[in-house]
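Read top to bottom, the protein sequences are chains A, B, C and D.
Going by this note's numbering, the letters in the first sequence line up with residues 414 to 787, in that order.
Going by this note's numbering, the letters in the second sequence line up with residues 414 to 787, in that order.
Going by this note's numbering, the letters in the third sequence line up with residues 414 to 787, in that order.
Going by this note's numbering, the letters in the fourth sequence line up with residues 414 to 787, in that order.
Honestly, the hints are just simulated from the structure, not real lab data.
Because identical chains share one entry, a pair is satisfied inside a single copy or across any pair of copies.
Keeping only pairs whose Cα atoms sit at most 20 Å apart, straight-line, the calculated SDA-like set for lysine to any residue is:
{"#": "1", "residue 1": "LYS631", "residue 2": "HIS594"}
{"#": "2", "residue 1": "LYS551", "residue 2": "SER564"}
{"#": "3", "residue 1": "LYS631", "residue 2": "PRO595"}
{"#": "4", "residue 1": "LYS451", "residue 2": "GLU467"}
{"#": "5", "residue 1": "LYS697", "residue 2": "GLY708"}
{"#": "6", "residue 1": "LYS710", "residue 2": "GLU695"}
{"#": "7", "residue 1": "LYS631", "residue 2": "GLU569"}
{"#": "8", "residue 1": "LYS451", "residue 2": "GLY473"}
{"#": "9", "residue 1": "LYS704", "residue 2": "ALA727"}
{"#": "10", "residue 1": "LYS551", "residue 2": "GLU747"}
{"#": "11", "residue 1": "LYS704", "residue 2": "ALA586"}
4 protein chains.
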Amino acid sequence: METKSGRLGIGLVGSGFMGRAHAFAFNAVSQTFDLPLKPALAVLADQNEAQAAEAARRLGFARAVSDWRALVGDPEIDVVSITTPNHLHKPIALAALEAGKAVYCEKPLAATLADAKQMAEAARASGRVTLVGFNYLKNPIIGLAREIATSGEIGEIVAFRGIHAEDYMTDPAAPHSFRTHPVGGGVLMDLGSHIVSLARYLVGPIQEVSAAAETVHKTRPSADGPRPVEVDDHGHLVARFANGAIGTISASWVTPGRKMQLDFELVGTRGSLVFTQERFNELKFYVGEQKGRDGFKTLLAGPDTPPYGNFCPAPGHQLGFNDLKTIEVAHLVEAITGGKSASPDFQEAYEIQRTIAAALRSARARTWIGVETL
Amino acid sequence: METKSGRLGIGLVGSGFMGRAHAFAFNAVSQTFDLPLKPALAVLADQNEAQAAEAARRLGFARAVSDWRALVGDPEIDVVSITTPNHLHKPIALAALEAGKAVYCEKPLAATLADAKQMAEAARASGRVTLVGFNYLKNPIIGLAREIATSGEIGEIVAFRGIHAEDYMTDPAAPHSFRTHPVGGGVLMDLGSHIVSLARYLVGPIQEVSAAAETVHKTRPSADGPRPVEVDDHGHLVARFANGAIGTISASWVTPGRKMQLDFELVGTRGSLVFTQERFNELKFYVGEQKGRDGFKTLLAGPDTPPYGNFCPAPGHQLGFNDLKTIEVAHLVEAITGGKSASPDFQEAYEIQRTIAAALRSARARTWIGVETL
Amino acid sequence: METKSGRLGIGLVGSGFMGRAHAFAFNAVSQTFDLPLKPALAVLADQNEAQAAEAARRLGFARAVSDWRALVGDPEIDVVSITTPNHLHKPIALAALEAGKAVYCEKPLAATLADAKQMAEAARASGRVTLVGFNYLKNPIIGLAREIATSGEIGEIVAFRGIHAEDYMTDPAAPHSFRTHPVGGGVLMDLGSHIVSLARYLVGPIQEVSAAAETVHKTRPSADGPRPVEVDDHGHLVARFANGAIGTISASWVTPGRKMQLDFELVGTRGSLVFTQERFNELKFYVGEQKGRDGFKTLLAGPDTPPYGNFCPAPGHQLGFNDLKTIEVAHLVEAITGGKSASPDFQEAYEIQRTIAAALRSARARTWIGVETL
Amino acid sequence: METKSGRLGIGLVGSGFMGRAHAFAFNAVSQTFDLPLKPALAVLADQNEAQAAEAARRLGFARAVSDWRALVGDPEIDVVSITTPNHLHKPIALAALEAGKAVYCEKPLAATLADAKQMAEAARASGRVTLVGFNYLKNPIIGLAREIATSGEIGEIVAFRGIHAEDYMTDPAAPHSFRTHPVGGGVLMDLGSHIVSLARYLVGPIQEVSAAAETVHKTRPSADGPRPVEVDDHGHLVARFANGAIGTISASWVTPGRKMQLDFELVGTRGSLVFTQERFNELKFYVGEQKGRDGFKTLLAGPDTPPYGNFCPAPGHQLGFNDLKTIEVAHLVEAITGGKSASPDFQEAYEIQRTIAAALRSARARTWIGVETL
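Whenever a hint applies, use it, and build me the whole structure from the sequences.
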């Protein structure tokens, strides 16, 4: 990719939680990774002009605009970072790809599966690098988990039991928002997509699912008074993977006390892994059997689990959430500059979304649904 | 119940792991509980005469017999304790009930659902006390969990996520046995019944299930060489409870490293519970929200969780597995002497077994199965 | 030892927490261990006659007496079990040894170091079996810890960091009792003796100590109003072991929230052990270094850690506090019948007490104290 | 402080582990904190000219120099960041203070206590802002611990039990280095200073100590063959605090398996705190007693523990080690721009070092040492 003056021009659309996280990561990545091109925070777009200007100042962007189209068309921009509400992902991404930009998009990929498919196809057609922000996959200890799971070290993988539960919608007074809007897909799309991304990363494609889902709080406050909620507050499914493994996957945003329960247990014929995102620098690992010295080991992230060493040379010091985003951005820049594809790209994000869509359909139809039938 | 000379005559059939556990419990219960009647270890029956005599001597039974019929018909016997292979539960229990004895039977209740139903009906008709050995329900901290779950303290229960996984069949060289015999029902019956018993105890009846199950090791060694395995090594299901809660339940005897993973997470609208049998004197408890002091509490079993205090007046000292059996026996004796019914009785054990049978049928039929349709 | 009619006559003095625990253990041991002689619960002595009779009935003793001298002199008694307040340990033990009985005594051995020394000497002179109830040493996983620590498996032991903290005296309204009586020795004697017994068991003799200790609540309620407290509520010391290891030992009965924090970390030149009594069926174990698979292992008690298998054939099911007492009694009976000595005997209990006495003297003198100088 | 053109010119001396961490933090702080002045990475100094240039390029410094004197004298520099070997701290800091710069220095403050004192005095005389890199104090959950400890929420603090153990010198083949050089002060200065800084932060000044320390590996390889080691590999002490609390403090770099065991237990008259740096986004908290719902709570860092929210709006997502450095730098910049003093400053770092020096002297003299006597 040719870029202006040895720098990679970054255009960020959106300046909320994830917008800030993208900006932090683009800023940090040049110091922590030895990249051929240094990202330059060029343009920040946000609907509200004053807010855009203020965010640009605070986050260190050179310019601010209020229309994302101006950003996408800007020749100084090499990468378009999309952190808007979900329904805007598609128009921005398609325009960016058409303009020849690399696209870095927050999850879930799109508001509907049809949109996601269209985006994946556009990405493939464009030949441009795309990357979707399933940041928990970038955790070095998850990299180790994948190495253990895919190398045969714990035998053939036969079971996966995962969950992503939090409590931010526990309060029945939590109001309607983009999260509870029908196009959002409810908790299975919002959180379930994370645990599905992990399941696919560690075990492979999910072939079919049988799900149940419920709306615990049937109405939520809105400006117009109590409004019915049309999406699920929690969902649970049995999954069958392409490799023959089976297991369960759950998602909930109404689990009191859980702040970041993105957990899994992965079972092979000779060993097991156990993980919780609430202690994401640790992995519980069991293999084989040693008479009298038999037990799960607690592995800690460190220089042996790259790219931890880019952040700190000493083990046990721990990476934080924003560091995962920095690794994600490093992968993005490496793909752009190296002519490789990034992962998870639009295609993989579409597959994740398709799996969730199958779960939602299964919950409604009360039957097993093959993921590929969607 | 009238008994001979102020003592409760105990007849034990079987002298394996569970036979010994019953004997330990009948021996310990008079010291730990203030019961109106003291169990007397009267007769032990085991097929092999020499083995029966040796077990009787070691476990402190007054006499040994090799035919359980002799035990059941013995007028000195008030309680028949059944710890034989599953297929013998029915004939012994029916004979014992007919002879007017109380029956204390190990789980699962019977080799087939039809047998279990027949036993539950016979128990009801007899009016005798029955109790089935789902000993993990007798844990004082599980009693606390039930109190919290049913009192409304954490709101309405909306989700349950449970598992019972161990690793004793992980080795493909583990031979065929009663466990892998088709009438055994595989791991869902063997271990799954424990987690289903907990689910029912804490949340209530399961209405319908959708399940998947797999045999990881398709053959196992037998005296006649490798023999196909017809039961499941692990199974997973989505469950819908009568009260509207949903969730997942898993069972596995091929999970490397797990020795006693009988775990659950129980979610209410205002709080949560988390438990693992590997640390069964602890319960993680979350309720409400206290700004800045928000988190799961680790509750420890102690005198506040009766009947812990019968064993030890100081908290944190911990009960062991055999103590759970002692509590079970105390409940049995209290029911017999108090004219109350014990729990879980044959009827409840039948309901547990029916739930498992529904899961097995669901896995084969690849569809949701209503538990009451069986 | 010759005993009456193939049975070992047990005489129990005291019927409180520890009296009951002894009775439970003598009752359970015949079933769980294959011993040449079966303990028979013969006589229970308690000052109050009615209380003695009631305890004897409940605990299954054949007879009750109100004077321990009658018990000690009884020819049916082979073993005298002492669970009285500390100041009575000496007269009872000396009388019992003189009467040719084996003596099983609760810790600490005596009210004063001089008394403890006299008891150890009397025991040696008598040639009788003695055993002191440092029951936490009987934990199978502590047996494993000792094997690991003493076999060289983790190299040479260089450091030990231990504590025994509970919270039963946290409340300033907790009244004066035998615990706060000056002859009791305060928390260092009451709880500190447990962690010192572990330190000696795992590392060896402590050569010298430098300690600090404090009375947090300077007065406590008594029948006569607030009374000054003359013993320590918590104490901390630096220790130097005979083998060159160094470390710290703490004891506290005023640590809010701690129910059974009998914890240690043991450091060798090639590995480490970490333990807490609040999860006493687990041992954290680290040895060597395996690049990329480096971490502490959680070992669970099971049949590989004898005598766990005497209680349960399956790992991970867990022993309870009372099971530790049963193991202790098994060791006692094996020593008596096998002509071996039991451990920890009066001599070892004296050494433990001497170490505590050195700590108390060090705290007062504000200087290092050699344990052997006492 | 007047600075050139609205920016704060940063001069970094050293480009190792800590040099990089400083650069990361100065880069990240403008995005994460709303500061009146933005740090500008102006000059990096490293002895080796090529290395300096390369580090400047990678870390984003405008210029590189090989002589720190050039950096200190540079008018574009407002803050001198010192991450060199310990013996260079003094000359650089004194020159920087004399040149009117703010000084940000890594711990320990100096190679000797006399040097540390001279630096503290120079800092006071200069009126300039100084800050020493005890970064673990900047952890939001440690901020919460301090709030709980100092507000009276858990009563009066009566005990502290702390340790900092790692395993990077466990291998006897680990060679001599600046760490094992006598001026380094051994493990008590290297790691012990961290746990002492925490003890002072949470409980207050330490008045006197009694210590023991040992060199486990008496020689270590050097270019000239095996060389005797003159510093300690681990040390342990009893401490008495000015407020009357007592407890123990340990430090070790030879504890196999420990990567970041910076742990403490803090005991008040009404509650307790437990912390380990290996899970530094968590704090175990106990207060009061709630009958039947009594237990330690696990608090997680989140927006309620500022300035966590500057990094992430959602709780449970976790900060990493480098984020602690960013908070440290924010405090530095706030102090410089706000005319306040930063903490821990040179004076506090001197007090920490004095406490360690007292421990070292105590270990040699085998007696209690008052910290103020040094």
